[in-house]
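Single-letter residue listing:
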Amino acid sequence: GQQLNQSPQSMFIQEGEDVSMNCTSSSIFNTWLWYKQDPGEGPVLLIALYKAGELTSNGRLTAQFGITRKDSFLNISASIPSDVGIYFCAGRNDYKLSFGAGTTVTVRA
Amino acid sequence: NAGVMQNPRHLVRRRGQEARLRCSPMKGHSHVYWYRQLPEEGLKFMVYLQKENIIDESGMPKERFSAEFPKEGPSILRIQQVVRGDSAAYFCASSPQRQGSVETQYFGPGTRLLVL
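First to last, the sequence lines map onto chains A and B. One rule links them: number in the numbering used here = place in the first sequence (from 1) + 1. One rule links them: number in the numbering used here = place in the second sequence (from 1) + 8.
Quick caveat, the hints were computed from the structure, so don't treat them as lab data. This one's a predicted model, so the numbers in the text were calculated from it and none came from an experiment. Careful, some of the hints might be misleading.
Taking lysine to aspartate or glutamate pairs in the EDC-like style, the calculated list, with each CA pair at most 16 Å apart, reads [what the hints assert, rightly or not]:
(1) Lys-52/A with Asp-95/A
(2) Lys-97/A with Glu-60/B
(3) Lys-97/A with Glu-48/B
Only part of the chain B face toward chain A is listed, based on derived beta-carbon distances under 7 Å [stated by the list, open to error]:
(4) Gly-24
(5) Leu-51
(6) Phe-115
The C-beta atom is built at its ideal place from N, Cα and C for all residues, glycine as well.
Model the full structure from these sequences, guided by the hints.
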């Protein structure tokens, strides 16, 4: 499968801070997706990006599809305790998803 | 509208036993995908099925693993003669069928398999 490098691997942040994470790949993807996974649950789709250069927001979340189609970033603004979890990027060509290893976010109240 | 259902949520097996994991897709979805997640890693694609057809099983080990999605009933991922390395979370996702486009996959809660 295709290798996605996601960073940082983990982060501790203060409530109210902004969070940023990114994903890079050696391969081009047609779609980039960001998922959040809570402990013991499956990934839940947060944002989907379909065009190179696209910038999309969903509430406090903002994500961008890199113009080279090989990278994407996710920003979370004004973090709150329920933002705790593991965030995964995924690249898609056709139906197959390739996932990064995840960024674990822990929020200090 | 119920989401993707998976059962059991947790499964414990001894080495050499069989593990059978079930997935019921969302209502109206006819495409099913299975992924495996090892600890501290992202999900890895295993197999893609439509009703009564295996479309792509390139991510599934050639031995001991099989998958089906019958005309009636849930999709089944079957692991024969389990080994400790099979311990992982197995996720099923489903998507609707639309002509000429790739639809979003919605994930179930997963089955956590522990092989003793």
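A quick look at each hint next to the structure:
no.	hint	verdict
1	Lys-52/A with Asp-95/A	14 Å, holds
2	Lys-97/A with Glu-60/B	19 Å, violated
3	Lys-97/A with Glu-48/B	21 Å, violated
4	Gly-24	27 Å, violated
5	Leu-51	5 Å, holds
6	Phe-115	4 Å, holds
The structure fails to meet hints 2, 3, 4 from the earlier list, while all remaining hints are met.
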